[in-house]
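**Student:** Here are the chains, one letter per residue:
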Amino acid sequence: MTVTFPQKGLPWLLLLPQLLVTAIFFLWPAEQALEQAFYQEDAFGLSREFVGFENFIDLFTDPLYYQSMLTTLFFSFSVAILGISVALLLAVMADRVIRGKLAYQTLLIWPYAVAPALAGVLWWILFDPSMGPIALWLNSAGVDWNHYLNGNQAMILVVIASTWKQISYNFLFFLAGLQAVPRSLIEAASIDGASPFKRFWTIVFPLLSPTTFFLLVVNLVYAFFETFGVIDATTKGGPGQSTNTLVYKVFEDGFVGLDLGGSAAQSVVLMGIVGLMTVIQFRFIERKVQYS
Amino acid sequence: MIENRPWLTFVSHATLLLGIALVALPVWMALVASTHPASAFGVGHIPLWFGDSGVDTWKTVLLEKAGNGIDTPVFFMMLNSLIMALGITFGKIAISLLSAYAIVFFRFPFRDLCFWIIFMTLMLPVEVRIVPTYEVVANLDLLNSYTGLTLPLIASATATFLFRQCFLSIPGELVEAARIDGAGPFRFFFDILLPLSRTNIAALFVILFIYGWNQYLWPLLITTDDAYYTLVMSIKRMLSVTDGDIAWNQIMATTLLAMLPPVAVVIGMQKLFVKGLVDSEK
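Chains as they are written, first to last, in UniProt numbering: chain R, 1 to 292; chain W, 1 to 282.
Simulated from the structure, these hints should not be mistaken for lab results. Treat the hints with caution; some may be incorrect.
[As the list claims (entries may be wrong)] In silico EDC-like pairs for lysine to aspartate or glutamate, Cα to Cα no more than 20 Å straight-line:
| # | chain 1 | residue 1 | chain 2 | residue 2 |
| --- | --- | --- | --- | --- |
| 1 | R | Lys-198 | R | Glu-187 |
| 2 | W | Lys-236 | R | Glu-226 |
| 3 | R | Lys-236 | R | Glu-252 |
| 4 | W | Lys-271 | R | Asp-95 |
| 5 | W | Lys-275 | R | Asp-95 |
| 6 | W | Lys-65 | W | Asp-226 |
| 7 | W | Lys-236 | W | Glu-3 |
| 8 | R | Lys-101 | W | Glu-3 |
| 9 | R | Lys-198 | W | Asp-226 |
| 10 | R | Lys-8 | W | Glu-176 |
| 11 | R | Lys-236 | R | Glu-226 |
| 12 | R | Lys-8 | W | Asp-112 |
| 13 | W | Lys-236 | R | Glu-252 |
Keep in mind it's a predicted model, so treat the numbers as computed, not measured.
Please construct the entire structure, taking both the sequences and the accompanying hints into account.
**Tutor:** See the structure below:
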């Protein structure tokens, strides 16, 4: 039990700035979205009428919305699985080497600091159909690369750019996880004649499973909400609907399409999804504490 | 090292070097691209080795104008980015320190409710409630202003949790001793709590600086006046010129300049960065 100070008014004064910012810029807009979701507004914002659940019904009967959901799921899991696999491989290798460990770490973690939009631009130029070196190389290898026209290729581009940025994060957490694996276990197994490969799959990988699960959730959240910049700077949701994720669609329908009611209904759905993911993340963290 | 397996050590080094090369590839290409004149980028052709107009391009972009429809130079947008990043960082740290202090060291009605309200901000990222937040900020007349760029982003559940965790680990005896010696809440905060949280504040500073500098969607929406353009968002405006007219050399130089400060922070303060990253997820 912490020792406390007796003042009664002071804590409110201390909390005031945080509560004010939260109320004005978080709760008020959230409430507005909730309210807006039940109204239909004309494009000029002059009048609006109460429509009940119509926006939600429109949303859930719209095949485009389901398509966007599938796109989001495919995109997020691709980013998470690719990022986790590559990072795990690199972390296991970095954990093995003795010389130059810190140098390797430094050279692998810096992409964390690159803004998603910039990551998108960097990969775009490599894959640009008319001049990008990778695109040209793919063309000469017989793959007709054009992410402006081919939806699957556009998806590959945004997945690569988003994963590239996230590898550093996963790498650091895996490295920390690997360092926490007891050396005595590994030594015992190697005395019993287990090869490095076998030791990894039977001892190290199972012990890393809390870290892996934690990273899966964090990566999914990242791919859901923080990759807006990658998509906006490269494909803008296209071609067609092929990279139009849920978060990008909220923005597009709201600001470009000016369908405020529909956009608000999408906001409400997304808030539900974030809430769910936050709960999963926090419940899991309780378990992580027990593991260690 | 458990046993000596030279071939495995070789494979490890090779994999790591390959990983580093792949990770660095796009930046290498951007660097090369920025050293060529705009005319070097044509159909079926992109230079693969350094050209000789690098100094000119970088100088023009940094000091004169960024190009592709943006007349302000990069260093000016860098200042805007810096103001926004530091505003967000200091703002978040200040209000989170205060609220964590109130929650841990005082007992008052609705304390748990306050905590939950702060917790809820985690569930409401700006991307999700983008239209109504824009409307609120427009109503408050904060479009095209530094206040509008920073203030809406400074509420932070993560930072509050981190400081709460840190404060809870401070032994009660220390607080008691301070009180017996006559320290009031202010004295305690400035003379004991702040010095004890120094490393945490520094680690958080690194993470939040990167977060603030890399803001994209928010500045893109609320700035229409190029006096308030930040560097990361300006890339989007530069890419909106018609396809054939994009001066890729200038875009690449601007991109590299835009990622330079946060990357330098990560590399220069690696220990604090790693600590901040790991701590803020707990």
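**Student:** Can the restraint linking Lys-8 (chain R) and Glu-176 (chain W) be considered satisfied, given a maximum Cα separation of 20 Å?
**Tutor:** 18 Å, holds
**Student:** Taking only the CA atoms, is the gap from Lys-8 (chain R) to Asp-112 (chain W) under or equal to 20 Å?
**Tutor:** 15 Å, holds
**Student:** Holds or violated: are the alpha carbons of Lys-236 (chain W) and Glu-3 (chain W) at most 20 Å from each other?
**Tutor:** It is violated: about 52 Å lies between the C-alpha atoms, which goes past 20 Å.
**Student:** Decide if the proposed pair is consistent with the structure: Lys-271 (chain W) and Asp-95 (chain R), CA atoms, cutoff 20 Å inclusive.
**Tutor:** Roughly 17 Å separates the two Cα atoms, so the pair holds.
**Student:** If you draw a straight line from the CA of Lys-65 (chain W) to the CA of Asp-226 (chain W), is it 20 Å or shorter?
**Tutor:** 12 Å, holds
**Student:** Can the restraint linking Lys-198 (chain R) and Asp-226 (chain W) be considered satisfied, given a maximum Cα separation of 20 Å?
**Tutor:** 59 Å, violated
**Student:** Would you mind confirming whether the straight-line C-alpha gap from Lys-236 (chain W) to Glu-226 (chain R) stays at or under 20 Å?
**Tutor:** The hint holds at about 16 Å.
**Student:** So if I understand the rule, the pair passes when the alpha-carbon distance is 20 Å or less; does Lys-198 (chain R) with Glu-187 (chain R) pass?
**Tutor:** Status holds; Cα separation ~13 Å.
**Student:** Does Glu-252 (chain R) lie within 20 Å of Lys-236 (chain R) when you go C-alpha to C-alpha?
**Tutor:** This hinted pair holds, its Cα atoms lying about 9 Å apart.
**Student:** Measure nothing beyond the straight line between the CA atoms of Lys-101 (chain R) and Glu-3 (chain W); if it is 20 Å or shorter, mark the hint as holding.
**Tutor:** Status holds; Cα separation ~18 Å.
**Student:** Would the pair Lys-236 (chain W) and Glu-252 (chain R) pass a check requiring their Cα atoms to be no farther apart than 20 Å?
**Tutor:** OK: Lys-236 (chain W) and Glu-252 (chain R) at ~15 Å, within 20 Å.
**Student:** Do the alpha carbons of Lys-236 (chain R) and Glu-226 (chain R) lie within 20 Å of each other, as the hint requires?
**Tutor:** 15 Å, holds
In summary, the structure is inconsistent with hints 7, 9 from the numbered list given earlier, while agreeing with the others.
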